[in-house]
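**Q** In case you want the letters, here they are:
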Amino acid sequence: MPQINFIQAINQALSEEMERDPLTFLMGEDVVLGAFGATKGLIDKFGPTRVRNTPISEAGFVGAAVGAAMAGTRPICEVEFASFFYCAFDQVCNQAAKLRYMSGGQARLPITFRAVYGAMGGAAAQHSETVYAQFLSVPGLKLVVPSGPADMKGLLKTAIRDDSPVIVFEHGGLGRLKEEVPDGDFLVPFGRAAIKRSGKDATVVAIGAMVSQTLKVAEKLAKEGISVEVIDPRTLIPLDAETVLSSVQKTNRAIIVDEGHMRGGAAADISAIIAEKGFDFLDAPIKRVTALDVPIPFSPPLEKAAIPDAARIEAAIREVCA
Amino acid sequence: MPQINFIQAINQALSEEMERDPLTFLMGEDVVLGAFGATKGLIDKFGPTRVRNTPISEAGFVGAAVGAAMAGTRPICEVEFASFFYCAFDQVCNQAAKLRYMSGGQARLPITFRAVYGAMGGAAAQHSETVYAQFLSVPGLKLVVPSGPADMKGLLKTAIRDDSPVIVFEHGGLGRLKEEVPDGDFLVPFGRAAIKRSGKDATVVAIGAMVSQTLKVAEKLAKEGISVEVIDPRTLIPLDAETVLSSVQKTNRAIIVDEGHMRGGAAADISAIIAEKGFDFLDAPIKRVTALDVPIPFSPPLEKAAIPDAARIEAAIREVCA
Amino acid sequence: MDIGKEVLLEMYRSMQRIRQFETRIRDLAVANEIPGFVHVSIGEEASATGVCVALRKTDRITSTHRGHGHLIAKGGRIDLMFAEIFGKRSGYCKGKGGSMHIVDFSLGILGANGIVGAGLPIATGSALASVIAGLNDVTACFFGDGASNEGTFHESLNLAAVWKLPVVFVCENNGFGEFTPMRTVTSVKDIAVRAQAHGIPGHIVDGNDVLEVYQYASEAAARARAGEGPTLLECKTYRWEGHVVGEQAFLGAGAYRAESEIEEWKKKCPILRFEKFAAESGGKISGAELERIVAEAHKEVEEGVAFARSSALPDPAEVTDDVFA
Amino acid sequence: MDIGKEVLLEMYRSMQRIRQFETRIRDLAVANEIPGFVHVSIGEEASATGVCVALRKTDRITSTHRGHGHLIAKGGRIDLMFAEIFGKRSGYCKGKGGSMHIVDFSLGILGANGIVGAGLPIATGSALASVIAGLNDVTACFFGDGASNEGTFHESLNLAAVWKLPVVFVCENNGFGEFTPMRTVTSVKDIAVRAQAHGIPGHIVDGNDVLEVYQYASEAAARARAGEGPTLLECKTYRWEGHVVGEQAFLGAGAYRAESEIEEWKKKCPILRFEKFAAESGGKISGAELERIVAEAHKEVEEGVAFARSSALPDPAEVTDDVFA
Ligand SMILES: Cc1ncc(C[n+]2csc(CCOP(=O)(O)OP(=O)(O)O)c2C)c(N)n1
Ligand SMILES: Cc1ncc(C[n+]2csc(CCOP(=O)(O)OP(=O)(O)O)c2C)c(N)n1
Ligand SMILES: [Mg+2]
Ligand SMILES: [Mg+2]
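Chains as they are written, first to last, in our numbering: chain A, 555 to 876; chain B, 555 to 876; chain C, 445 to 769; chain D, 445 to 769.
Source of the hints: derived by calculation from the structure; they are not laboratory data. Be aware that a few hints might be false.
In silico DSS-like cross-links for lysine-lysine, where the CA-CA straight-line distance does not exceed 25 Å [stated by the list, open to error]:
1) C/K633 x D/K608
2) A/K732 x A/K594
3) B/K831 x A/K804
4) D/K743 x D/K449
5) A/K831 x B/K754
6) A/K754 x B/K831
7) A/K831 x B/K831
8) A/K831 x B/K804
9) A/K599 x C/K608
10) A/K754 x A/K804
11) D/K633 x C/K608
12) D/K608 x B/K599
13) C/K712 x C/K449
Start from the sequences and build out the full structure, keeping to the hints where you can.
**A** Right, here's the structure in full:
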């Protein structure tokens, strides 16, 4: 299998799915040039009708994706940085998420939203936010957070074929991360977590860019005989709670590592599920390793202090295993 | 003390605080007429400069509140239904919440946002949502959810005097709820939970309109000898975790009742805090009683099925106490 | 423009169906037979009708919180509408939507909407879908004067103009947004002027003259279908009833507008106006024909109410259906 | 309009400070001495300068992601700006903001902003505060051609027009939003036309002629101060550098615009143009005076870089400060 990076995986998924379905099209700011690689070359393959640069009007073009989907097409809508979703929140949360339900099941909304999230080194508060928690309590959306190129390709292809609105979050720091990715029709199903490493002493649920960080820590702790099971949920909605719970049943310890914030974050969401359904398995408090509850600061030492790192992940694991 | 209702309490708080500070002003859609009572009569007291009907432009006037606050005034900004915040999310989440931090503490943002939330009988999905969870993981905002007229007055007055952005959520179903409310300068501090009823068998943290519902259930169960402690956090940010944790230390059982959704909701947030800091106190799983994870439906029997009611609260308490 | 008799009768039928439906709904709401918020469009029948009669069955529309008239004009079934507004399982949305969220995909009705201004980007996207799929369907987008102050209005006009999308933007200017007079919150007297900000045609239309609305809408639809892009129509009209049914109960009469103003506009009733036109049509349209239409609409409405009343409420177990496709 | 010598020299000083600051920042960014995204405004110095020189010290501005020039023109301290962009504790925002978020409240600089179009409602609110507090400060709002497609642009113009707020909306039309030519995503050729959608004056201004910008801005500010409401100025200009410093590395030259186009605009350099004006001023302004200003700006920039380099990084413990007031 060829080694490709995160960005190339996105490009492959987009190209293959647009090939597959002529009613699929791409729109967003600067998708034609594809400066950062994800959409590069698609204009040559699919032409200006299906690859469209939008004005800087997030509510307008996100809403246009909603209308285009309801009218029978399959839009792929790019929103550069996930924090720009805030400019289009009504169209995502009041429209895309609710229209199928409000219409009694008449509306189909096959929309795939793509956006970059996370701290990537000095992008500051308005370009570094981990935004998926804000969508967790908006029923009607599916939330996807791939941790590597293979999952990115397989999950993005699944997203594009899904008939409900899906948001695929791409961590801005993973762009050059390489791994082997199957060519062609490779799909990763939603709601199926990946056990990235099996262990018996503690379960660490890690999301997105935190997966590779956590695996490094697990590696290190293994040498000391601390055996950590690392689970990547891959999709937050739908969530594969079974895999998480049966892991906790085995390890009796749970830690959630997420780049989002502590209050109201994805880590709290998963922790609460474990505390409700897996309480009897637990021998220790459920720890969360998350960003501090501050806007992400600009200066590198402050940014580093704000988001989870290997040291904090390691300390949390040691604490619950103590 | 005079008995007044929820709406009258809002009106009193607004009137007293606008009296107190000439740089305080009110803006929003139809605040001049004050059709639903909260802002009625303020135009006569304070005139058209300080009581302003806005165009239907949520991003525009919410952003204007942000700018007016930074420029030295103290806006009170009404956003009718909380789900309309979605139209102004960037100004609330990327601007109001982050500007003080991004400016290294230079910006002061004394803004009070008011909005109605919750299911109130057939208002359907776009007018019935419990929206505070979406703000929980946006550091920089304070979130207030009063459960009755006295708290509403005291918390709203505190909000208006606060120098940070505060969102006060008013449940649409509580409008006519009456109780004794102190006249004049009555302030309720943020971050101080109210123990609405003390008990020893289980701790129920109830939010907003769920408080009165939970108290009724506690009343009933008391007759059977099940003693329930009911805690109203009053402010979600800042949160009085100490009061919750020391209650759980006493009762060894925790239930959170919230009208928001299960996934990523305020109940999950509080549950995770207990599971992390109060684990050793617990003798039973932490239960959540929340809305189902669906958009709030229109038809009364469906709406009733979607949101928490006394029966579900009672069942949850019995389950953890069994 | 010479309008055929069939079309003229179709217009009258549409206006009668709307007027009688809205009047009945208003009374049912006042009698507390209906849950939730109900916004009726009595007095505004001509704009909904003139536009929708100018459309093809395969064309699409987006509507608003005040959407009953748009849906009926596009062919919506009155019985299914009543059932939905009553919250019954037999309703258009199985009782999940209610008055502000009625949808009929089979008729190209993409839906009423509870969020002011939200329909504009959706209509723009619906028009985009026509281009992507290579169909020449047109989308008509209804919205109010208040909605024209939402950013989505301009974002949508800009996008539709740049991409020359087949959409007709129809502003129903009834002079108020809730209880606020349009002129106190709007920077221009005529919303049509705002088309200039996007280099597209903008026309002021007498929104109470169904024939004039029909003409402008026909031209705009033809233009859109020909790939020449969007048009903005501003239909000047007035709402006779309150913003929301029942407001008198807590506002009292004359709280935000003079009774006399309402009376003035009632004299401009679009239905009376059409009847006058018919009477002067030199026998082209007979009074008997109009009376039959009135009677048919009445029957349809009464049967619709009966259907709704006799229909069952949804089973609570259905609450979790229809979230995802 | 006869502009005094002091003011003229002030304009040249401002343009020189901006040009030299931006050039230095660009080189430092290319040399990876600076974290994050850096957007420079080389070639656009006249619009920032002409507007800010027309303002009073107590007046306020809002800026954009490409905001260095606006801040410098309003009197921003170059050393504190360098320190902030280097991420140092001594910077304007203690290192928490960076290039896109510099603020100086003491100078009425309400801030750069990383969100396109977000500054418009904020500026409108700042102008509203003047009315509430009974002060007659004016607020100038800088934004780009791309931002004029955000709904916040129209929502802000409408609000400011209806309330007659003392704000001057300054669109710096440099022909591009990121890598997208303005004409391909914008429904009008001239953004100034969009003033018509709100019944306010809109003027097309030669954005590379600091004197013309100054004149229009002075009139607009006077109008605002007199309580006559907002004005929209469209300054036609061009950005010489990439959208973001370093883009050549992954785009290569000529990826989205012809090198020749850039060369054409360099001939219209606002600084050369002012120097030509000075040379023709019949000795009113001497070459020596201009050279001294160039040297002073150079010294200020180099001292600023030295200050930034020698300043300490923030203490990680400060990460939790400044969230709440
Ligand atoms: C985004 C949003 N803001 C506010 C409201 C509350 N609201 C419902 S209808 C309405 C007035 C709309 O006025 P207009 O667009 O003129 O339509 P009309 O009611 O006059 O038909 C308002 C403010 C809403 N539903 N959505
Ligand atoms: C809401 C939002 N959408 C998109 C972006 C990404 N972005 C940053 S600058 C820019 C282009 C802005 O163009 P313009 O307003 O003309 O300003 P210019 O860069 O030309 O000075 C874009 C799209 C953003 N920062 N914010
Ligand atoms: Mg109206
Ligand atoms: Mg530009």
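**Q** Hint by hint, say whether it matches the structure.
**A** Structure-based check of all given hints:
no.	hint	in the structure
1	C/K633 x D/K608	holds, 15 Å
2	A/K732 x A/K594	holds, 18 Å
3	B/K831 x A/K804	holds, 23 Å
4	D/K743 x D/K449	holds, 23 Å
5	A/K831 x B/K754	holds, 24 Å
6	A/K754 x B/K831	holds, 24 Å
7	A/K831 x B/K831	holds, 18 Å
8	A/K831 x B/K804	holds, 23 Å
9	A/K599 x C/K608	holds, 23 Å
10	A/K754 x A/K804	holds, 6 Å
11	D/K633 x C/K608	holds, 15 Å
12	D/K608 x B/K599	holds, 23 Å
13	C/K712 x C/K449	holds, 23 Å
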